[in-house]
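Just so you know, the protein sequences line up as chains X and W, in that order. Numbering follows my numbering, with no gaps: position 9 of the first sequence is 9. Numbering follows my numbering, with no gaps: position 248 of the second sequence is 825.
Any given hint might turn out to be false.
Said to hold, decoys possible - PhoX-like mimics (lysine-lysine), calculated; alpha carbons at most 20 Å apart, straight line:
(1) 739/W with 280/X
(2) 212/X with 224/X
(3) 785/W with 739/W
(4) 785/W with 506/X
Said to hold, decoys possible - A few chain X positions that, by computed beta-carbon distances, are all more than 10 Å from chain W:
(5) 163
(6) 219
(7) 262
(8) 265
(9) 299
(10) 339
(11) 370
(12) 468
(13) 521
(14) 531
(15) 539
No lab work stands behind these hints: they were computed from the structure. Beta carbons are placed, not taken as given, at the ideal position from N, Cα and C, and that holds for glycine.
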Amino acid sequence: MVVGHLPYLNADSCLRVGRQPDSGPVLHPKWVSWLRCFRTTEFPAGLLGQRNHPQPYCTTDGKHNETDSHSEKPGPDTHCLYLELLRRVDAGRGHQILSQAPGHPKNQPAPRNLTKPTFPVTIVTQCCEFCRCNVRMFESLTDRLQAVFRDVGKRGILREQDVDEMLREIRLALLEADVDYKVVKDFVGRVRERAVGAEVTKSLSPAQQVVKIVSEELVQTLGKPGRLELAGPAPYVIMLVGLQGSGKTTTAAKLAQHVRQQGRLPLLVAADTYRPAATKQLEVLGRQLDLPIYGGGETSPPQICAEGVQEARRRGRDVVILDTAGRLQIDEDMMTELRAVREATSPVETLLVADAMTGQEAVSVADGFHERIGLTGLILTKVDGDARGGAAISMRSVTGVPIKFLGTGERTDALELFHPDRLASRILGMGDVLTLIERAEQAFDEEQAEQMERKIREASFDLEDFLDQLQQVKQMGPLTQLLEMIPGMRGVAQQVPAGATDDQFKHVEAIVLSMTPEERRNPRIIKGSRKKRIAAGSGTSVQEVNMLLSQFRQMQRMMKELGKGRGDMQRLMRLMG
Amino acid sequence: MATGFARSIRDSLSRTRNAVFSRVAGLLGTSEVTDETWETLEELLIRADVGVETTLYVVERLRRRARDEAILHADELQEALREELRGLLPDPAPLNLGGREQDVVLVVGVNGSGKTTSIAKMAHHWQRTNRGVLLAAADTYRAAAVEQLDIWADRVGVDIVKGPPGGDPGAVIFDALQAARSRDKDLVIVDTAGRLHTQYNLMSELQKIRRVASERVEGAPHEILLVLDATTGQNALSQARHFQQVVEVTGIVLAKLDSTARGGMVFAVARELQLPVRFVGTGEAVEDLAVFDPDAFVQGLFE
Numbered sequence: 001m002v003v004g005h006l007p008y009l010n011a012d013s014c015l016r017v018g019r020q021p022d023s024g025p026v027l028h029p030k031w032v033s034w035l036r037c038f039r040t041t042e043f044p045a046g047l048l049g050q051r052n053h054p055q056p057y058c059t060t061d062g063k064h065n066e067t068d069s070h071s072e073k074p075g076p077d078t079h080c081l082y083l084e085l086l087r088r089v090d091a092g093r094g095h096q097i098l099s100q101a102p103g104h105p106k107n108q109p110a111p112r113n114l115t116k117p118t119f120p121v122t123i124v125t126q127c128c129e130f131c132r133c134n135v136r137m138f139e140s141l142t143d144r145l146q147a148v149f150r151d152v153g154k155r156g157i158l159r160e161q162d163v164d165e166m167l168r169e170i171r172l173a174l175l176e177a178d179v180d181y182k183v184v185k186d187f188v189g190r191v192r193e194r195a196v197g198a199e200v201t202k203s204l205s206p207a208q209q210v211v212k213i214v215s216e217e218l219v220q221t222l223g224k225p226g227r228l229e230l231a232g233p234a235p236y237v238i239m240l241v242g243l244q245g246s247g248k249t250t251t252a253a254k255l256a257q258h259v260r261q262q263g264r265l266p267l268l269v270a271a272d273t274y275r276p277a278a279t280k281q282l283e284v285l286g287r288q289l290d291l292p293i294y295g296g297g298e299t300s301p302p303q304i305c306a307e308g309v310q311e312a313r314r315r316g317r318d319v320v321i322l323d324t325a326g327r328l329q330i331d332e333d334m335m336t337e338l339r340a341v342r343e344a345t346s347p348v349e350t351l352l353v354a355d356a357m358t359g360q361e362a363v364s365v366a367d368g369f370h371e372r373i374g375l376t377g378l379i380l381t382k383v384d385g386d387a388r389g390g391a392a393i394s395m396r397s398v399t400g401v402p403i404k405f406l407g408t409g410e411r412t413d414a415l416e417l418f419h420p421d422r423l424a425s426r427i428l429g430m431g432d433v434l435t436l437i438e439r440a441e442q443a444f445d446e447e448q449a450e451q452m453e454r455k456i457r458e459a460s461f462d463l464e465d466f467l468d469q470l471q472q473v474k475q476m477g478p479l480t481q482l483l484e485m486i487p488g489m490r491g492v493a494q495q496v497p498a499g500a501t502d503d504q505f506k507h508v509e510a511i512v513l514s515m516t517p518e519e520r521r522n523p524r525i526i527k528g529s530r531k532k533r534i535a536a537g538s539g540t541s542v543q544e545v546n547m548l549l550s551q552f553r554q555m556q557r558m559m560k561e562l563g564k565g566r567g568d569m570q571r572l573m574r575l576m577g
Numbered sequence: 578m579a580t581g582f583a584r585s586i587r588d589s590l591s592r593t594r595n596a597v598f599s600r601v602a603g604l605l606g607t608s609e610v611t612d613e614t615w616e617t618l619e620e621l622l623i624r625a626d627v628g629v630e631t632t633l634y635v636v637e638r639l640r641r642r643a644r645d646e647a648i649l650h651a652d653e654l655q656e657a658l659r660e661e662l663r664g665l666l667p668d669p670a671p672l673n674l675g676g677r678e679q680d681v682v683l684v685v686g687v688n689g690s691g692k693t694t695s696i697a698k699m700a701h702h703w704q705r706t707n708r709g710v711l712l713a714a715a716d717t718y719r720a721a722a723v724e725q726l727d728i729w730a731d732r733v734g735v736d737i738v739k740g741p742p743g744g745d746p747g748a749v750i751f752d753a754l755q756a757a758r759s760r761d762k763d764l765v766i767v768d769t770a771g772r773l774h775t776q777y778n779l780m781s782e783l784q785k786i787r788r789v790a791s792e793r794v795e796g797a798p799h800e801i802l803l804v805l806d807a808t809t810g811q812n813a814l815s816q817a818r819h820f821q822q823v824v825e826v827t828g829i830v831l832a833k834l835d836s837t838a839r840g841g842m843v844f845a846v847a848r849e850l851q852l853p854v855r856f857v858g859t860g861e862a863v864e865d866l867a868v869f870d871p872d873a874f875v876q877g878l879f880e
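For reference, chain X alone in the conformation it holds in the complex:
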């Protein structure tokens, strides 16, 4: 699939995948296969000289398949193919390849400075020992550390002052992510201890090794993901607390839906009698989700909550979620009120709802609530923004309570379980490949993948299928947002004007939509007057229609060749699965 003419997007963004050494495969095979299919159709055979590629196969999950791994049969493995591309870019010859790539506009030279930022050659972690690929992970911090380590590499050992310098970089990276100053200090201390004694291994460069230590420490600090602990006699009371505007009410609704999906019967209690229309807000959300709400009386919050629990008992609801008013942790009156609510309802869970964008204030907030009312967990909200979320580390270190959920959007189902490794990546500015994969999995179902495979095999992939594919990618969210999740692409995503890529998408989609089903199934019939009509219908030009058609023809040709290859085809089928 060639989308518009975004050669750099094609050639780069989707290829930047891999797995971290020692941590097992991180890519879901389906996603990998989709990308690989994408790639093999994109680069004409022979372009990268992969016909004589000496490397054995790498299979979908990054492991060597028993039967394939030692096979001498050379074949175009897409991963190796990509590595070859990287090597050429490294050698300053990347533009030659890109200018031949089908996605590239004709008669237009590809830029020669393909290193950064138009074509950042980064990440791609080692897929196997045979590939000998240049393992580079955790781009942004690694980049900063590279400079420090330039000399270390020659000496092969870490000196005290090298460590100092690199710790400074780590410190700044964490501070930029809004991790608390003191927490950073302790953290860096721990990293120093481990780094100084660490052996320099062959498989990782010193910079990578240090980053690995940092990442492991981060994951450890973030702790194990928490789950709701609903124990003891029902109804289980969950109390949500937090500052004003942290997202308690929205989270209450999301949480109610979450427990309902687990077979519970939630009751929402609106205990915010201060903010105008707070009760109304919860009522509206309850109505949307078809969930019962209790509240709205003129009495005090502790009383409303106690009555809410009574009400739950009466109605046989087994989970009560208390939405309390936003308050400052230093507001003693308001904190006393929370204690009263706690005493009146004996919650099994007291969760602090905190904004992922919180700055250095995080420690004071978390500590303030924990000290006064005792927390059992944290929920981080607005994680769908571009905040690094260092506040999570601060709050977690100061309270020691687990992070239980992440709020990732305004929709009521946008509540995700917490994964320490993903958040660690995000804090270090390494992208969030896993979330990207999950979205891909949600958008592409197995059946569709199988159908695709069949179409490719029979070389009957037409513009209808192309349209399907387009729409599936669109379901995953705005392209720029997807880009940001890919390690190393954050910078690129920021340079792409907001929506630009999505606009390209839209144009392509509009063109295809302006065709009749007949035309989509058989694009060959599209001649002069049809082109004019399509261009007019989609608000584009005949040139653009031509471009799309020629790209599509090229793609079909590629697919046909793929379909002919026997061994290749088998592998492709496996890839598609």
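Starting from the known structure of chain X, arrange chain W on it as the hints suggest.
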């Protein structure tokens, strides 16, 4: 105004238990400037959310000044720090309001930053200066957001034009401007739905809202104020950058400064985007809004 502002800043900061800046005076004291002083200074600024980059910039400038001007004692350094911080904040030109038939103020920000409350406070503020204020409740997205503003409008005693839930915000503004004209109101404040600056679609909706306003009233919106939560960290800069790019923000409202947060990110925002801070929210009551005065703000940080 300045003294009033100084007082409210002082009041709000005095409520904070460990206002970092207030430690500056003590820590810098009259002792000699040593390496440790620089480290302390760096820590103070970062803990006030001034941001790594801006902190390093300020500390570097101070180091240079200390060398060039032979600053030996920390109290002189404190004075220099005050100047440097003040220098980061632009001198605000008067608000682009008044002198025309109708003023339109568009208020934008991320979810939960305090837009609605700030709007109520601003309505109250302008009403006291004898402006005929009308609110446009164009947050048709969040559940009960319109009701929330409606209650505020009632408390403050200003008119409000509401849209139906899920309705088109552009239509609400269209109606509001029409209503303002017929009811003889000369200042329309538009509340918009909170949106994360990374949501492209919602951000382009803002452009549409803006277009509707400018088609109806010449030069509208005359002010586009971005509400920032004072507890926000480095992300504030990203927010300001994105909103600036999409709708040309003209000023900042710093909400929730009554917490222990220091709002130091306004220095970073001012340094990069030259955006003036217009108002500061200092509490939950409708009176808890102060017109921003950079001198008093910087001064207040040291008291």
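Here's how the hints hold up against the structure:
Using a Cα cut-off of 20 Å, the hinted pair residue 739/W and residue 280/X holds, with the two alpha carbons roughly 16 Å apart. With a C-alpha separation of about 18 Å, the suggested pairing of residue 212/X with residue 224/X holds against the 20 Å cut-off. With a C-alpha separation of about 18 Å, the suggested pairing of residue 785/W with residue 739/W holds against the 20 Å cut-off. Proximity of residue 785/W to residue 506/X is assessed by CA-CA distance (about 19 Å); at most 20 Å being required, the pair is judged to hold.
Every beta carbon of chain W lies more than 10 Å from that of residue 163/X, the smallest distance being close to 18 Å; the non-interface claim holds. For residue 219/X, the non-interface assignment is confirmed: its Cβ lies about 22 Å from the closest Cβ of chain W, beyond the 10 Å cut-off. Residue placement check: residue 262/X keeps its beta carbon more than 10 Å from all beta carbons of chain W (closest about 24 Å). For residue 265/X, the shortest C-beta to C-beta distance to chain W comes to about 22 Å, beyond the 10 Å cut-off, and the non-interface label holds.
No Cβ of chain W approaches the Cβ of residue 299/X within 10 Å, the least distance being about 19 Å, so the stated non-interface status holds. Against the 10 Å criterion, residue 339/X stays outside the reach of chain W, whose nearest CB is about 19 Å from its own CB. The claim that residue 370/X lies off the interface holds: its Cβ sits roughly 15 Å from the closest Cβ of chain W, which is beyond the 10 Å cut-off. For residue 468/X, the requirement that its beta carbon stay farther than 10 Å from each beta carbon of chain W is met, with the minimum near 22 Å.
For residue 521/X, the non-interface assignment is confirmed: its Cβ lies about 32 Å from the closest Cβ of chain W, beyond the 10 Å cut-off. No beta-carbon of chain W is positioned within 10 Å of the beta-carbon of residue 531/X; the least distance is around 30 Å. At roughly 17 Å from the closest C-beta of chain W, the C-beta of residue 539/X stays outside 10 Å, upholding its exclusion from the interface.
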